[in-house]
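Undergrad: The primary structure of each chain is shown beneath.
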Amino acid sequence: MLNFLARKLLALVPTLLGITLLAFGLIRLIPGDPIEVMMGERRLDPEAHAALVQRLGLDQPLHLQYFDYLAKLARGDLGESMVSREPVAREFATLFPATLELAGVALLLAIVLGLLLGLLAALKRGSLLDQGVMGLATLGHSMPVFWWGLILIMYFSVGLGWTPVSGRVSIIYEVEVHTGFMLIDSWFWGEPGAFASACLHLLLPGLVLGTSSTAVVARMTRSSMLEVLREDYVRTARAKGLSPQRVLVVHALRNALIPVLTVIGMQTGSLLAGAVLTETIFSWPGIGKWLIEAIARRDYPVVQAGILISACTFIAVNLVVDLLYGVVNPRIRSGR
Amino acid sequence: MSAESSLPSPAREFWSGFAANRGALAALVFFGGVALAALLAPWIAPHDPVEQYRTQMLVPPVWDGGSWRFIFGTDELGRDLLSRLLHGGRVSLGIGLASVLLSMIPGVILGLMAAFHQRWLSPVVMRAMDIMLALPGLLLAICVITVLGPGLVNTVIAIAIGALPGYTRLARAAALAEIEREYVVASRVAGAGTLRLMFVAVLPNCLAPLIVNATLSFSAAILETAGLGFLGLGVQAPMAEWGGMLSSARDYIQRAPWVVTLPGLTILATVLSVNLMGDGLRDALDPKLKRVS
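For the record, the sequence lines run as chains A and B. So for the first sequence, the working numbering puts the first residue at 305; every next one is plus one. So for the second sequence, the working numbering puts the first residue at 3; every next one is plus one.
Read the hints as simulated data drawn from the structure, not as lab findings. Since the model is a prediction, treat every value here as computed from it, not as a measurement. Keep in mind that a hint or two might mislead.
[Unchecked claim] Quick look at which bits of chain B chain A covers, simulated, 3 or more residues with Cβ under 8 Å:
#1 133 to 142
#2 218 to 230
#3 249 to 256
#4 259 to 272
Here a beta-carbon is modelled for each residue, glycine too, at the ideal position from N, C-alpha and C.
Model the full assembly from the supplied sequences, consistent with the hints where possible.
TA: Right under this line is the structure:
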């Protein structure tokens, strides 16, 4: 297993380098004078211009700039926001848990609901339930995330007044931040209302972000399950007289889960992308909203860091998925 | 009648497979309507999509107490919603089509080249694709927009770059499966050059998964175009675009719900119809391909 892990990590090195190159190139690839583009309407006098060029290291040869960038990354230095002058890493540390919390809820929804619906549809193949689930899955997969969010806000927040429109917790609770995860912080803060409020605030954004992934997981679970149920070993297990539940869970589901796992790993990518839209709609203070605001303000160090962080998160999740394969299927562990 | 004519032609066989899927057939009809309406927008739109009727702001649609002058109502600047939706369709479908072509052609060529040059080209190309795949589609598009700036053409480029790795991987995998087949070996022995082997012998036999992927990436492109437009990073105002129409709609949720519902429903119905057609294509082109997304 350690060998397997080492091989996987080694294979990531070129990808990670490529991502840093991409993030690094972001400022340098802008056609024309990057400083002028960054400043936009604000005009700089030549001295300030030169100072900024020097501060960003743009006067150095390109390969030195890149090595400098890598060295800073290795120290955890993501640069400094052009607008707030804060270190990007510090801003990121307060925002990332918010995105993680939101994406976590969405992923949980996708896994629990997606697996359950896909399983039911496979077991009742051709029934009204199956058709209904598959119809909903196609609909959910075609849904524009931002519009879905607007519609839910329109009915549940504005129309019925059941859920809050934006933010992470009601402003009447001044929850102290310890972990950055509002569910945890509000739980330990002591007032039961605060936790309930945090849950309500997560409900719609989580649902909106998780819809497409739930649909994809349900479709994949169904087709994978249908395939496995036709296998000889399932028939053998049934013929041996094992209980239907045991055949289903131990023999069929475990094997059916392998492709589902891949899809779940891929879904974290669309969750990260979807988070940009979802956070914008619900004014959720996470890295997606931060990234979009940074682009609007032409705050390139922040954009650079946001892109880098998103890519690394995606890569890390897929590494975990790869390792889980090894656990579920020993054949993969031994390698090709 | 000769014996051959009783065999169904490939086109007929394909059509009967596709038509067996009722949902796909209905989707094709619907999508045909949308595409036609978008194509004819300049002639059938009742108003100029950017004309602002300053005395007619937020007029409700005709079924909600509005007038026949603005069938779908008007937006916050007094622009006719129906005309904007029709013209927006040109933009969305146009970007979708252009980005599919712009990603499919280089993607397939790269994939074929990787399959035919396995020693050094394949690892280089596939690693590059891995890097591109490490950024989810919309984020990669945002990256490209950050460098190039927003706009119609840049939206196409951004979306095409995001869709490219999918085609390359599919084309390479499909070509690798074909390359060892006897007909390819025979063709090689008969003296066919690499280019001929690539495009005449192998490519036609790899088309099924590529066509299915093209429909899926077409619907994804429509969603991404709308997402970028909604974020203000896509097609710029005042040009009508479905996602951009929703970006200001948030402020009018209470006063003018039609400004929110109509563009969104248009996007949803169009994307849904393309996805249903994709399902039908998959069933018709290759029954072995699994019905998953």
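Undergrad: Does each hint hold? Answer for all of them.
TA: Do the hints match the structure? See the list:
1. 133 to 142: holds (count 7)
2. 218 to 230: holds (count 4)
3. 249 to 256: holds (count 4)
4. 259 to 272: holds (count 7)
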